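Protein chains: 2
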Amino acid sequence: MTKRIDANPSRGPSDHSVRDQVVEAATEHFGHFGYEKTTVSDLAKYIGFSKAYIYKFFDSKQAIGEVICSNRLEMIMAIVNSAIADAPTASEKLRRLFRALTEAGSDLFFHDRKLYDIAAVAGRDGWPSAQKHEQRVRQLIEQIILEGRKTGEFERKTPLDEAAYALYLVMRPYINPVLLQYNLETASAAAALLSSLILRSLSP
Amino acid sequence: MTKRIDANPSRGPSDHSVRDQVVEAATEHFGHFGYEKTTVSDLAKYIGFSKAYIYKFFDSKQAIGEVICSNRLEMIMAIVNSAIADAPTASEKLRRLFRALTEAGSDLFFHDRKLYDIAAVAGRDGWPSAQKHEQRVRQLIEQIILEGRKTGEFERKTPLDEAAYALYLVMRPYINPVLLQYNLETASAAAALLSSLILRSLSP
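So the sequence lines, in the order shown, correspond to chains A and B.
Heads up: the first sequence begins at 1 in this note's numbering, then just goes up one per residue.
Heads up: the second sequence begins at 1 in this note's numbering, then just goes up one per residue.
These are computed hints drawn from the structure, not numbers from a lab.
If a hint is listed, it holds; no wrong ones were tucked in.
Negatives, chain A to chain B, calculated, CB over 10 Å:
no., residue
1, 31
2, 79
3, 116
Taking CB as the label site, the calculated pair distances span:
no., chain 1, residue 1, chain 2, residue 2, range
4, A, 192, B, 14, 51 to 57 Å
5, A, 162, B, 51, 54 to 60 Å
6, A, 188, B, 16, 44 to 50 Å
7, B, 186, A, 56, 37 to 43 Å
If you're wondering where the values come from, they're calculated on a predicted model, not measured in any experiment.
Don't be surprised by glycine CBs; every beta carbon is placed ideally from N, CA and C.
The whole structure should be built from the sequences, with the hints applied where relevant.
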């Protein structure tokens, strides 16, 4: 699961497992005490490594946070992809996409562990992992619209990129963890209502 | 502009002007130092009144904050109402409503003075002023949809309350100051794109 962050990919499997260990411990520690309040020294003490040893594997605290964030976002995309895989229509795919993103986001960042803090920093500071996730969601939306245009489910007048970006903007408050924290209670009802609105906007 | 907060409405015009003075000074002070970090004692010192004297006019710091928040929200609604007053169609009313809410919100809470702090607390703690504002916006949306249904601009199949609430949800990230802070840079472009999406969703 762990991604290479440092510049030396030839360190071999045992280094991999050290990296995994650091990421696992950091996930726990950040989950308890918050990402922003934790220093690499705190982390080193918690794991029982020296600070210098951790820096052999990760350039910075952010590099560790990026791996955790990437892992979570990978899990969200895996849930989303499996949710939409067998949807019979493009409309149903959009509904499931919205629902799965909302639910998986709530679970993985808020309920499973208190990792909201990392997600918030990642969103605020535009971490590559957060930007990549946004790109992937936008591409997925565009693909589904294209599919629905081909089958005649959706209208074809609106420029594709405009339609896709507007849909993304509707979903964004329930996808972006920084915004989702203010929408948690109403998120699933909102996702259903807004999916219907989106589908009305796409009807030919 | 100042609203009565205390229980004794018979104090007469001079008390009114004291209330105005307190609200004016508090607007300045909160704007500089933030609502949450300011105490009634700070405020009293700043104005040159005793704390007890301020408490003769306002029950609490929140009571003062409520007046400021109400005033700002009244100003936003006045701007909105004048923006939509002469719109030729219901569609154009919706576009102008969205644009005016977004722009006035950005200006009055973020640019004019740094009163975001009050708006955030009002939203978070469900102050009556914030709830009333939400109700008014939702009613206005419902009225405009009804108007467009009568003229044949909008579809009539979707239950009115569902259509209105879904529209409100689309606009909410740009109306609610707590959410708007994360959307400030993209707000006006988003308002335009989302207005078009909304209108597509309403087309007969």
